[in-house]
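J.: As given, the protein sequences belong to chains A and B, one line each in that order. My numbering applies: residue 5 is where the first sequence begins, and numbers increase by one. My numbering applies: residue 5 is where the second sequence begins, and numbers increase by one.
Keep in mind that a hint or two might mislead.
It does not matter which identical chain is meant; a pair holds if it fits inside one copy or across any two.
Here are the computed lysine to any residue pairs in the SDA-like style, where the Cα-Cα straight-line distance is at most 20 Å [said to hold, decoys possible]:
| id | residue 1 | residue 2 |
| --- | --- | --- |
| 1 | Lys46 | Gly184 |
| 2 | Lys404 | Asp36 |
| 3 | Lys256 | Gln142 |
| 4 | Lys177 | Arg141 |
| 5 | Lys404 | Asp121 |
| 6 | Lys46 | Arg148 |
| 7 | Lys103 | His195 |
| 8 | Lys404 | Val134 |
| 9 | Lys256 | Arg180 |
| 10 | Lys404 | Leu107 |
| 11 | Lys256 | His199 |
| 12 | Lys103 | Asp79 |
| 13 | Lys404 | Ser225 |
| 14 | Lys103 | Arg182 |
| 15 | Lys404 | Gly271 |
| 16 | Lys177 | Gln128 |
| 17 | Lys46 | Ile285 |
These aren't lab readings, by the way, just hints derived from the structure by calculation.
Protein chains: 2
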Amino acid sequence: IQAGDGEDLRDLVADLHEADVGSLLEALQPDDRPRLISLLGKNFDFTALTEVDDTVREEILEELSNDEVAEGVRDLDVDDAVYILEDLDHSDQAEILEKLPALERIALQRGLDYPEDSAGRRMQTDCIAVPPFWSVRQTVDYIRDTPDLPDTFYEVFIVDPAHRLLGAVPLDKLMRARWGDRIDSIATEDHQRVHATDDQENVALLMQRYNLVSVPVVDDSERLVGVMMVDDIVDVLDEEADEDLKALGGVKADEELSDSVWYTVKGRFPWLFANLLTALISASVIDTFEASIQAMVALAVLMPIVASMGGNAGTQTMTVTVRAIATRQLGRANAWRVIRREMTVGLMNGLGFALLLGTMAALWSGVPGLGVIIGLALMIVLTAAAVGGILIPLALHRLKIDPAVSSGPFVTTVTDVIGFFSFLGIATLWLSRS
Amino acid sequence: IQAGDGEDLRDLVADLHEADVGSLLEALQPDDRPRLISLLGKNFDFTALTEVDDTVREEILEELSNDEVAEGVRDLDVDDAVYILEDLDHSDQAEILEKLPALERIALQRGLDYPEDSAGRRMQTDCIAVPPFWSVRQTVDYIRDTPDLPDTFYEVFIVDPAHRLLGAVPLDKLMRARWGDRIDSIATEDHQRVHATDDQENVALLMQRYNLVSVPVVDDSERLVGVMMVDDIVDVLDEEADEDLKALGGVKADEELSDSVWYTVKGRFPWLFANLLTALISASVIDTFEASIQAMVALAVLMPIVASMGGNAGTQTMTVTVRAIATRQLGRANAWRVIRREMTVGLMNGLGFALLLGTMAALWSGVPGLGVIIGLALMIVLTAAAVGGILIPLALHRLKIDPAVSSGPFVTTVTDVIGFFSFLGIATLWLSRS
């Protein structure tokens, strides 16, 4: 198809949903993507670009001329247009904006002026606002007779003459109200609202909590400036969970399957480097006990077990803590209770594995003392892992550092160092006595 | 408050949103939770129970009498009632169902008969369905005049006389259509639909992909049986991401902050036990090289570095792979390309760290040979980590085992064993030659 060009393509793509066009683009070879878009010309719906990986979008936008992009974003909802333009560099952004009609340019510029990841960047700026004294009939007539309304809407907002938000009426309620009622008499009281500068993650959690499909966005003077829709929120929540998961696994949040090898190597190197430093610290701990290892090589055989049990127990606690912080379930109110719980869990698991592994080590080596040593070391390291696994993310969070990204190396360092130190240290004491 | 009881509580809770009542319940001491509900009596909205952790809900339901529960779920939407009842044991379920009026009992029973985690369990069964030959005016009048409609709806469905789904009309479109138009003339063509037995995760991904706020659910004969709403889908997506994240961290998917210590210990023990077996395998690999370690204790100091670099690189690749499988971005079509990419990334990072750590080891130990040995071992283990990190989750997925839960121990075993074996093996060869 790519070689032949022409009409057929247009027919083929015309019936597809934008999400499917997005998948089609991702499946193509990188060179073919901008070619497809140029070939489709006016028939290509730029909304499809909001559905592809960031890397793919950036590559495509680089290949397309600024004229083509300006033409393409022109017909989009403001939120989609902002989403496409926000990753471009400033000179390209400015050039594209200049090619747009004044009204759209201003709307886009305002969207781009909000801070990154704020509600203002993601909101739809078209929304239906009516004065409080209108009747239900007037409102319905207005909706029916105004041609230039947003594509999709679930609520009608009530505003005062200064465009300050007074309330909201969901469509289904509007439909069932009596024609003669004043619109403000059926408005939802205490309606949730968010500010344009609010972080999109907080907006998403709010909408999830109260099961909202849309929420009005207001500026600092409480004036209605837009509306956040649930479909954008679903993507935000998904993105946040994705970021945390990747961060915990030591991968950059924006790593995607379509990234180049070089980009991936650069992204993963820092984490492995942090881990190397951690490992060097552990190695230097081991180094101080060289004499004991020389005296009893069995210590070298068993010491990775202690460290790996500690590392895994620490990761368990850290995972739960990071997730609880991200979903706002862990705060000052319950921190102490959770810390105590984790310590108890660590101690109990430590006791269990101390008995288990202690017995095994004693039987394997034929030295009962070695069983006692490894048992003691395991109890210490599993308790330390529990404490470190919860205190480190909590401390990072309080220092405004994302605990999902940074906890891992710290927790591993703590469990490794404490693991090697307690095991080899106790062994050395024991060796020196006997 | 809890001691005094009475009227005040009712006033206090009456104005709260169900999500806030849920948080309130979670913040209370376990004993006080059912007491609060009993005190509130009819004023307690059982919807709040859908907003609390599973453990908290189960504890509360155990304390409440079946009469109280039956009374409480009676006024709920079917999906919320099913959500509350599904975790109870069968005898309690049956007893509660018997206390309900026939109509509600049948609706609930049908919901509970669908498989766990299916769309049928989560859907709302109330929905608005009209025949295709109605006019827009007739449809609007019907919505306005029928008192017993669902609380919230975003679409009107069109069905034939056998209740088979023909199409759907979003409310905003309905509002803007001309009164005289036939309702089927404004219906969305090719509307997405799902089956009641479909897995809720697939439904969620479909709704996310096509940005839907609601999607009709049909049975095997394509008859409309309910509707999935976006707010439920948000929870499903969140739950799935949560499960994957916890699984990768070695924690049971349903572990929550409110779990008891004993439940948490039992939940985490199996993972640590799996890790112990892994560690024992590594230890036995080390054990075979005891003589070499005895001859050169520096090997014992450096070997944990090799293993930990391998483990971390393996986790990176595994995290990306597990996430890509979960979001359906990795399939047969691109598996080969991704495997090749991961191998190249592994090899390049291997080369980089081999040079880095090799130089450091040679300088530290004063034995240049040791630098070459650790460099070679690092390259082998980082490439093996990349291959294992992607092939193990893919293989588990093909065997229908959840890769998020089970990949970890396998990947660690592979990287540890290959790490220790290659480092100590190469060292032994070198020692025997010199």
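J.: Each hint needs a verdict: does it hold in this structure or not?
T.: Do the hints match the structure? See the list:
1. Lys46 with Gly184: neither (45 Å within a copy, 34 Å between copies)
2. Lys404 with Asp36: neither (43 Å within a copy, 35 Å between copies)
3. Lys256 with Gln142: For Lys256 and Gln142, the Cα distance exceeds 20 Å both inside one copy (52 Å) and across copies (55 Å).
4. Lys177 with Arg141: both (13 Å within a copy, 17 Å between copies)
5. Lys404 with Asp121: within (17 Å within a copy, 37 Å between copies)
6. Lys46 with Arg148: neither (29 Å within a copy, 42 Å between copies)
7. Lys103 with His195: neither (39 Å within a copy, 37 Å between copies)
8. Lys404 with Val134: Neither, since 41 Å and 54 Å both go past 20 Å.
9. Lys256 with Arg180: This pair counts as neither: shortest intra-copy Cα distance 49 Å, inter-copy 46 Å.
10. Lys404 with Leu107: neither (39 Å within a copy, 54 Å between copies)
11. Lys256 with His199: neither (29 Å within a copy, 37 Å between copies)
12. Lys103 with Asp79: within (13 Å within a copy, 57 Å between copies)
13. Lys404 with Ser225: Cα proximity of Lys404 and Ser225: none, with 28 Å in one copy and 55 Å across.
14. Lys103 with Arg182: neither (47 Å within a copy, 37 Å between copies)
15. Lys404 with Gly271: neither (22 Å within a copy, 31 Å between copies)
16. Lys177 with Gln128: between (22 Å within a copy, 18 Å between copies)
17. Lys46 with Ile285: neither (60 Å within a copy, 62 Å between copies)
The structure does not agree with the numbered hints 1, 2, 3, 6, 7, 8, 9, 10, 11, 13, 14, 15, 17 stated previously, though it agrees with the rest.
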